[in-house]
Each structure stands twice: as C-alpha cells, then as structure tokens.
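**Q** Read top to bottom, the protein sequences are chains D and Y. When we follow the numbering used here, the leftmost residue of the first sequence carries the number 1, and every step to the right adds one. When we follow the numbering used here, the leftmost residue of the second sequence carries the number 1, and every step to the right adds one.
The set of hints was computed from the structure by calculation and includes no laboratory data. Worth double-checking, as some hints may not be accurate.
[Stated by the list, open to error] Under the rule of at most 30 Å between Cα atoms (straight-line distance), these lysine-lysine pairs were calculated in the DSS-like manner:
id, chain 1, residue 1, chain 2, residue 2
1, D, K446, Y, K28
2, D, K119, Y, K255
3, D, K119, Y, K28
4, Y, K229, D, K24
5, Y, K255, D, K24
6, D, K447, Y, K117
7, D, K24, D, K99
8, Y, K229, D, K118
9, D, K241, Y, K229
10, D, K118, D, K108
11, D, K389, D, K205
12, Y, K92, D, K446
13, D, K446, Y, K94
14, Y, K117, Y, K28
15, D, K143, D, K118
16, D, K119, D, K439
17, Y, K94, D, K143
18, D, K439, Y, K92
19, Y, K229, D, K167
20, D, K436, Y, K255
21, D, K140, D, K332
22, D, K253, D, K264
23, D, K446, Y, K255
24, D, K389, Y, K255
25, Y, K92, D, K143
26, D, K269, D, K218
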Amino acid sequence: MANNGNTPDKGFFLPIWQLFVSVKLTVVVLLVIAATAAVGTVIPQNQPDLFYRMNFSQITYAIGSVLDLFDMYHSLWFQALILVLAINIVACSIDRLQKVWKIVFPDKITFSPGSFTKKNTTDPITVSGTPETLKTPFEKELKRHCRITRLSPTSNGFYLFGENGRKSRLGVYVVHFSVLLLLCGTLISSITGFEGQVNIPEGGKAGVITLRNSSQEKPLDFEIRCDDFEVLFYDSGRPKKYRSTLSIIDNGKAVLTKDILVNKPMHYKGISIFQSSYGAADVENAKLSFTSRESGMTYHKTLSLGESVTLPEELGTFTLEQFTDNYMFMNKHSLGQALIGHMKNGETEQKVVLPLRFERFDKMRQNARTVITIEELDRTFYTGLQVRKDPGVPVVYASFILIIAGIYITFFMSHQRFCVHARQEKNQTSFTVSAKSNKNQITARKKAEMIGSALEQNALNK
Amino acid sequence: MTSSFVLSITTFIYGLAVILYAAGVSFKRELPAKAATITTWIAVLANLAGILLRWLESHQLGYGHAPLTNLYESLIFFAFATGVVYLGLEIKFKTRGLGAAAVLISFIALAYASLGKGMDQEIQPLIPALQSNWLSAHVMTCFLGYAAFAIAFGISVVYLIVADQVTEDDTAGGPATSGIYSLLPPADVLEELIYQTVVFGFFFLSMGIITGAVWANTAWGRYWGWDPKETWSLITWFVYATMLHVRLMRNWTGKRIAWFAIAGFAAVLFTYFGVNLLPGLHSYQ
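Kindly produce the complete structure, drawing on both the sequences and the hints.
**A** What follows is the structure in structure tokens.
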C-alpha cells in the first residue's frame, strides 16, 4: 500500500511502514482489543489482592498477576495495543490523505463520460426539442440538484455533468483524527488529573482526599465543609434523593455554598465534587427503653453519648458510652453498627451492647435486672464525596462532537457525480442520466432516476 | 386500558404482520405484503401508544419518568425502535420482502417482555443515579442502534438462506418478477441493505456510547470506567468498525459481510442481556 513517493523508502523502514499502513493490521488490532477487553469484563478488576488469592487457584492467580489481568485496562500490554492502533490510524491517514487531498482539492475539476457505468444509468428518456434548445434549461435544472455543473458539447448533443459532496471524502479522516484526539484527551486525564474520595460528617470539613487505587492522601488547595446531608426514600424503600449542602472554604472564608445531588456535581477551581455515597457518622441522642425483669415496668430515657441515667426500682445506673460502626461480638462475629454502654449496680458493672440490626440482643445479657432496647436514634450522617480533577474532559468532549460529525459525513454523505448524456434523434432528444458515487450506490442510482424525471418534467413544461 | 394490555395486543398485531409478510413472500403476492405494511404501521402506533400510556401511568403514580428504565421498558422501546427503523427502510428502499425477518424481531421482543420469566413489569420510581436528562437521550440512541443491528441481522439471515437462489434468478432474467423469492430484492441489493442498516446502527451506537460517557461524567465524575456494559458496547463498536473497514477497504462482500453482521449482533445481544450476568452499574436492578 505504501506506493507513493513521499513515504520512507529505506530498506529498514519500508517493511515497518508497510505494516502500519495496512488495513489488515487495523482489522487484527481492532479484533484483538475487542477480544482482550472482554476478558476484563469476566475477571473482576481492581479488587483487593486477597480477593484474587481466595477465588483463584495458585496457578491461575500466578498467571493472572503476571499478565496483569487484575487491572488489565491499565496494563502495559493493553496500552501497547491501543498505541499500535493509534500509530496504524496515523500511518493509514497520512498514506491515503495525500491521494484523497488531490481529489478533494484538484487544480481543475474534470469529468469523463467513460467513468460512468451502464449499470448505474437510467433507461433513455425521449423528449421533444433539440439538444440545442434543451441545453440551458437542463443545466439550470441540474444546478438545483448539484452544486457544481459542467456542460460539454458533442457532435449530436451534449454531456452535462454535475457533482456533490466532494469534501465528504474527508469525513473518514475527521473520524480518525477525532479518535486520536480522544486518546490524547484520555492521556491528559490520566497524567494531569486525579480522582479521590472523602467522607465528611455533617458539620465537619475536610481538605485532604484519599486517592483511588493507591490509598495515598492528597491535600486540596481548599477545604470542603458539609453543612447538611439528607437522604430521602420512596415508600418502597428505594432511595429517592441524596443531597449534600457543601461549602467551599478557601483561605479560611466560605466562598461558595451549593447543594449537590447524584447527577448535579459542583465545580471549584477545576475540581469537581460528586455525591457518591453516605453513611451514619454518629449518634447524637438515643431514646432507650429499660424493662425491669422483676416488675415488667418499662422506663423510657433519652440520652446523649457519655450521659448517665439512674433508673428506679434500684435497677442501677446506665451510661451510654459510644456509637461504633462495627461491633465484633466475641471478636469474630460482626454485628454492624451498635451502641455501647455499661450498667452499674452497686459493685457490679456490666457491659451493654445494643446492635442496631438486632433489636432483642440485650435479652441475652446474663444476670441482668433489665432488658434494654433502642427506640429511636437521632443520627448524624457523613456524606461520601468523589473529588476529581480532569483537564482532559474538554478535549474528550470536543472529540465526541467531531466523531459524531465525522461518522455522519463519512456514511451519510457521498461524493456523487452525475452525467446527463443527450443525443438528437430526428427532431427529438433522447437522454440518459448516469450516476457515480464513492459509496451508497443505491442512493446515487435513485438520485439519477430522480434527476431524469425532473429533466423530463422540465422539458415537458417548455 | 392499561399499558400492559395495549402492549399485549400490540404483540399479536406484530405477529399478524409477520404472517402476512411471510405469506406475501411465499405466495409471491403483493396484496398480503401490502396488508402487512398497514398492519405493521398499526402495530408500531399501538406500541407507541403503549409507551405513552405507561408514561402517563408513571405520572399518575407520582413518579413521572419516561419508560426507559428497566428490562421490561427497554424491550418495549426496542420493539418500537425496530418497527420504526424497519418501516423507514421499507419506504426508503421500496421493498416489502424483508418485513417478516424484521418485524419478527419486534414480535419476539414484545412477547419476551410480556411473558418472560421473572420479568418485572412494575413501574418503579427513579433511583438518584437515573434522575438525569441524559437518560432518554442515552437509551433512545442506544436502542435505535440495537434496532438497526437487529434488522441487519435479520437481513443477513435471509441473505444467507437465499443468496444463491436469488443470484440465479437474477441471471435467469428480471430479479423482481421470477423465482420463489420474487418479493425479495436481488442479492446485491440485499447485501447493500445489510451494509446500510449497519451504518445506521453504527451511527446511533456511537451516539449512545458518547451520550452515556457524558452522562457518566456528570453522575460519577468519569466519562469512561471499563464497567462491563461500557466495555461490551465498545467491543460491539469495534466489531462493526472492523466490518465497515473490511467492506470499504478490503472489498469484502456477500456472505462474509452477512456473517460479520451476525457476529456483530451476537455482541449486541451480549451487551444488552449478557452483561446482566456480570457485576456492574448497568444491570437492570
């Protein structure tokens, strides 16, 4: 395919050049990327190392880690495949663009009747009038269908040429260029951007985030304060809305306050902040019920953390100590979020654990005079934010628009050429319309027929 | 009248259209084929009515979102899109020979939506991630693409069955008037139709992937994350990109192109259904 003078023709470079300008390489690389990309959808990516050790045999694990299959989209070999595709696109485009450029921007547009085939020619149409009288009206009519027209007389009639969409031949290069632009955009994203996570309790603030996939900490130039967090549910229990009210604190001053939702992030100094998760941060107040095992009486008390309450019937003094995110029972069973406290009665002191998930857990407490249950909790939440800087986005978005435009030009527009061949037959004129197109032959043939009947109509109206 | 009732009826209308198209081709008669076209128009309009009705129902429930959010709703839209794309093709290329193959796909999609095992037909409110204007743009473009690929698949199957036959008829004289498959276009036109439909699908798949990327960037702060659905849509895009390259640059034609369109549709099916078997953000839950 490397057959024009501008390409390197040294003995060493030629085979490499020939490799990279071949469509065979394109086909192979596209299919190899497709096949390998599928592997990464079957093997879960970026899980903790332990996950793979537990789920795979030793040999599979070894093969997987050698081939980087646990983070394959960022592996060297996968990126090398994409690089080969990029070089292939560049080489093919350079190779072909030179020729196409000469067609798209010729010194002079020429037509030759011989280049039209019989297959794409309409049946002859006979109309009254000599070619001489039809020349001008026909050209006028053709101008309505084609941007460029040329008239060329013959011994007994004329050829009338018309064409459209010469520049559409460049569409495919728009697509190829924008795919390269897209790759540049992703490169900019991965080199100059970062992505991290931070959990901020209501009322709290944070200026440091944890980077994804590396668990390194990264300080920001400003602080984010969570003024409020709210989660709403539908009646069915499905989440309806997560909303965080955030303030940006820059140089000690609150400069921007905004509500963010899952699809409505906020932006400050090139950094975007997204709502990504939430959780219970702490308990402010707990309404507890204490039921005496002897009398059966139930006493309701509301306590804040650290507060103590002395119960009647000499049941003792209860202190609510803390809220824990995950209580480990007997050091091995995870009970999830729980309130921890202790009950003091004279000399004896008992530890009390109230897991949120297990309402009747306290009934198991040995030698106890009360059963304690949680009635209501006044909790504060933390909001989980994703923080991202991505200077590649404008480049990527520009490439998106160009890809769509390029694909449209490439496939829905074509370089169509038409040839009207008119001959005098006695006092009448017989003419055919031929079409030629660099693609979409059916459409071009249809248009030739359409032009044919338009010309016939035109002649009849004379 | 509930939307699911309207859509059940629609399933049967699609089924009737398939029978009429098949009759037209088998008996070499224009009349049943013309009736099939009218029937398909009715089915597509009924399908649209079903979608709009379901939209209305979601408003009455107080949710008010376009019915494009779960497997059931996507199948209904897929059936509609396939019907619309097919009718467009019928008008543009003036052939009724391919109706049975194309409308059968709408029929199967709707039948599966109505009768599929464990199909959740309930109208659910939108979870926060789906509350976006990009939802409709993303789903509609993707499914217009899927619909075109499905039709290209249908034409490819027809092409592989009749290719030799139609070519012989072609040489024997007048492609449109002779042979068993008289309503079918000649083989080269069939093959061109496969290409044209794939191109149409490729354009909309590209739009679908891109709208999805823009949406992902506003919802999750990344335009690409190698989520299985994203990855499989890219794989599908690559398969069709390869097909377009071998056809345009290596002059592949005929059966090889038909097989390529079939392979491409297999990738579409996996992107659509198979990904639900894998963990990810798109698994219609």
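**Q** Would you mind marking each hint as holding or not holding in the structure?
**A** Hints versus structure:
{"no.": "1", "hint": "D:K446 x Y:K28", "result": "25 Å, holds"}
{"no.": "2", "hint": "D:K119 x Y:K255", "result": "22 Å, holds"}
{"no.": "3", "hint": "D:K119 x Y:K28", "result": "26 Å, holds"}
{"no.": "4", "hint": "Y:K229 x D:K24", "result": "28 Å, holds"}
{"no.": "5", "hint": "Y:K255 x D:K24", "result": "19 Å, holds"}
{"no.": "6", "hint": "D:K447 x Y:K117", "result": "49 Å, violated"}
{"no.": "7", "hint": "D:K24 x D:K99", "result": "20 Å, holds"}
{"no.": "8", "hint": "Y:K229 x D:K118", "result": "48 Å, violated"}
{"no.": "9", "hint": "D:K241 x Y:K229", "result": "25 Å, holds"}
{"no.": "10", "hint": "D:K118 x D:K108", "result": "26 Å, holds"}
{"no.": "11", "hint": "D:K389 x D:K205", "result": "19 Å, holds"}
{"no.": "12", "hint": "Y:K92 x D:K446", "result": "10 Å, holds"}
{"no.": "13", "hint": "D:K446 x Y:K94", "result": "11 Å, holds"}
{"no.": "14", "hint": "Y:K117 x Y:K28", "result": "38 Å, violated"}
{"no.": "15", "hint": "D:K143 x D:K118", "result": "23 Å, holds"}
{"no.": "16", "hint": "D:K119 x D:K439", "result": "15 Å, holds"}
{"no.": "17", "hint": "Y:K94 x D:K143", "result": "27 Å, holds"}
{"no.": "18", "hint": "D:K439 x Y:K92", "result": "17 Å, holds"}
{"no.": "19", "hint": "Y:K229 x D:K167", "result": "36 Å, violated"}
{"no.": "20", "hint": "D:K436 x Y:K255", "result": "25 Å, holds"}
{"no.": "21", "hint": "D:K140 x D:K332", "result": "90 Å, violated"}
{"no.": "22", "hint": "D:K253 x D:K264", "result": "24 Å, holds"}
{"no.": "23", "hint": "D:K446 x Y:K255", "result": "25 Å, holds"}
{"no.": "24", "hint": "D:K389 x Y:K255", "result": "49 Å, violated"}
{"no.": "25", "hint": "Y:K92 x D:K143", "result": "24 Å, holds"}
{"no.": "26", "hint": "D:K269 x D:K218", "result": "16 Å, holds"}
Checked against the numbered hints listed earlier, the structure breaks hints 6, 8, 14, 19, 21 and 24; every other hint is satisfied.
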